[in-house]
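Protein chains in written order, with the working numbering: chain A, 1 to 112; chain B, 1 to 516.
For the record, the hints were derived by calculation from the structure and aren't laboratory data.
Don't take every hint at face value.
Claimed, not checked - Here are some, though not all, of the chain B residues that point toward chain A, as calculated from beta-carbon distances under 10 Å:
hint, residue
1, Pro299
2, Phe347
3, Met351
4, Glu353
5, Ala355
6, Leu363
7, Phe365
8, Trp400
9, Leu416
10, Lys450
Said to hold, decoys possible - Ranges of calculated distance between the beta carbons of each label pair, as one might list FRET restraints:
hint, chain 1, residue 1, chain 2, residue 2, range
11, B, Glu498, A, Lys40, 29 to 39 Å
12, B, Gly411, A, Phe36, 48 to 58 Å
13, A, Lys90, B, Gly134, 48 to 58 Å
14, A, His42, B, Gly408, 15 to 25 Å
15, A, Glu50, B, Gly287, 20 to 30 Å
Said to hold, decoys possible - Below, simulated DSS-like cross-link-like pairs (lysine-lysine); rule was C-alpha separation at most 25 Å, straight line:
hint, chain 1, residue 1, chain 2, residue 2
16, A, Lys40, B, Lys456
17, B, Lys119, A, Lys34
18, A, Lys9, B, Lys294
19, B, Lys294, A, Lys40
20, A, Lys85, B, Lys359
21, B, Lys488, A, Lys40
On a predicted model such as this, the values are computed, not experimentally measured, just so you know.
Each residue gets a CB set at the ideal place from its N, CA and C atoms; glycine is no exception.
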Amino acid sequence: MKKIDAIIKPFKLEEVKDALSELGIEGMTVSEVKGFGRQKGHTEIYRGSEYTVDFLPKIKLEIVVADGQVDAAVGAIIKAAKTGKIGDGKVFVSPVETAIRIRTEEKGDSAV
Amino acid sequence: MKKYLLTLALVATANFGAISVRADTSTNTPPPPPPASVEQRLESVEAYFSNGDPTAPLRDTNGNIVVTSPIMSSLSNSLGSTYTYPGAGHNAWLLTSTALVLFMTLPGLALFYGGMVRKKNVLSVLAQCFLITGLVTILYIICGYGMIFGGAGGAAAMKLDWVYGVVGNPKVCWLFANVTSAPNPGYSYWVSENVYAMFQMMFAIITPALIVGSIAERMKFKAIFVFITLWMFVVYFTQGHMVWGVNGIMNGCWNADAKIHGLDFAGGTVVHMTSGWTGLILCIILGKRLGYPKEPMPPHSIVLTYIGASMLWVGWYGFNSGSAVAADIIAANAFTTTTIATAVASFVWPMWEWAVKGKPSVLGFCSGAVAGLVLITPACGYVLPFGAFWIGVVAGTIPWFFCYKVKGWLGMDDSLDAWGVHGIGGMCGAIMTGMFARQAANPNLATNLKAYVTDKWNQPQLIEQLKTVGVTLVLVFFGTLICAFITKMLVGLRVSEEVEMSGLDLPEHGEEGYHS
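Construct the complete structure from the given sequences, taking the supplied hints into account.
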């Protein structure tokens, strides 16, 4: 099993979710996060005062998939989230030791 | 603080007993005067349309009313004379205007300022605006109205002042004595004196509330309480009397014995210059907010500011057009000039931003509109539409430059730009009134000011306006220093660092604006 963390632009969430659903991935956790990478922040001006805002709003999407699905899932995320402009985000893949469904206590791939 | 409150309460209760209906003490009534002729009665009514004196046709050559007419009411005004019934239309417009001007403070200005502070201080601004509304009403009822507007016109009445033509006598109209629904012809032939007094009270309320913009996010609530109480007497009631009292020393339009022939239709000097420049001095005395200018202090809700600014524009029609104290030709012109100047300024300010910074901001649209309203305030009843246009252009330019550049150069923390918009704006407006006042806009300029308003931009009125501005600045400078010093001695001015860091809402008011 692998965990995929994807940091994407907020307005791309629906497209990414639809692309993952088409692959049969049936669950995900989404949170609103703030951060910056190469895109850096932006400047806000209020009358005479200028403020640099470093942290930009992004969406962090977490899914755990079976090893065989990883490449397809990552490919779908990248395809759906890409605009080609700076700030599109990143995808991180990491191993997961185990997974348990609380209701049935199933373990492993059948639990995700 | 407690002693102060107690004293205030005692003074109020002890004296409200003094209000009484004027009793009819005459016993040997002389034979009643003859009834007015139909011509006389018609002339009285016709005066309604020109906002003229309805009693003029009823008087003899000595000025005594010698006939009876149904237009005369049994009510007497604060001058102690019986007068006519108020005129329905004029009274209706002033009643409406009074509500509109209150609407400017609550909630207009409160939201305008509330949106510009940080989340943790939003309630402190709302509380300060409401405190001022109640506090100023109490002071105004006790003696503020009398100090500004009490007494009759002319040199004889000036001698009755505490300081000749400068500081009015607080004993006149003490606790609103004899301020009734009868008009006071010193200020209006057709509007009830109590309506006029309430209308003017709303100006007295919004003026100190404007100061909040300079000192937001760091001044103690207690200190605002004490400072505003002192300041109303030292600065506002004085400035109001000088400029608007019929016997005021700077009331150029109505006082033939004025020493400086100033013009201030709706309060460019009385309201905006006093509050804006007081804000500047007070914010320098207070010092910068912790972390200013390094730490970001962006407005927490431009949406609230937008709503507040829009309400201010609507309310300002009462402020400016209502200052004609009638629904007459002058009010109609003031409404027009107010709209033109405000719309032009709200356009010009963000255009400067667009040109210089690359983006027109919502705060820029709001600030431009308010600056336009400020500049046209002293001028609206005296200038023509073309004058209003140029006033709008200047309003979108000079206050913009002061907020964007000059404030930074001077390095003081005028939190919400009360000085840049109201202080500088009010001053520009007062000066431009001198350049653009025209007899065609206001027939009253053709009497006492005939020699000053000559319909050229460099007319002698310009010099009179500069003198008015100078006197206002001197009064505000020394008045504010004195009030701030006394306040500092009594209760201190600034909140502790801890309170400032946590925001004023919880420590000062025990509430939070938002729960999340």
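Interface hint for B/Pro299, Cβ within 10 Å of any Cβ on chain A
For B/Pro299, the interface hint holds, since the closest Cβ of chain A sits about 6 Å away, which is under 10 Å.
So the hint says 48 to 58 Å: do the beta-carbon atoms of B/Gly411 and A/Phe36 match that?
Taking Cβ atoms as reference, B/Gly411 and A/Phe36 lie about 30 Å apart, which means the hint is violated.
How about B/Ala355: closest beta carbon in chain A under 10 Å, or not?
It is violated, given that the least Cβ distance between B/Ala355 and chain A is near 13 Å, above 10 Å.
Taking the closest Cβ pair, is B/Phe365 under 10 Å from chain A?
At 12 Å from the nearest chain A Cβ, B/Phe365 fails the 10 Å test, so the hint is violated.
Hinted pair, alpha-carbon criterion (25 Å max): B/Lys294, A/Lys40. Please report holds or violated.
19 Å, holds
Taking only the CA atoms, is the gap from B/Lys488 to A/Lys40 under or equal to 25 Å?
45 Å, violated
Can you verify the interface hint for B/Met351: is its Cβ closer than 10 Å to any Cβ in chain A?
15 Å, violated
Using the nearest Cβ pair, does B/Leu416 come within less than 10 Å of chain A?
OK, holds: B/Leu416 within 10 Å of chain A, min 9 Å.
Okay, A/Glu50 versus B/Gly287 on CB: inside 20 to 30 Å?
Since the Cβ atoms of A/Glu50 and B/Gly287 sit about 22 Å apart, the hinted range of 20 to 30 Å holds.
Do the numbers back the hint for B/Leu363, that is, is its least Cβ distance to chain A under 10 Å?
Hint on B/Leu363: holds, closest Cβ of chain A at ~6 Å, below 10 Å.
Minimum Cβ distance from B/Trp400 to chain A below 10 Å?
9 Å, holds
Hint check: A/Lys40 vs B/Lys456, CA-CA at most 25 Å. Holds or violated?
56 Å, violated
The structure does not agree with the numbered hints 2, 3, 5, 7, 10, 12, 16, 18 and 21 stated previously, though it agrees with the rest.
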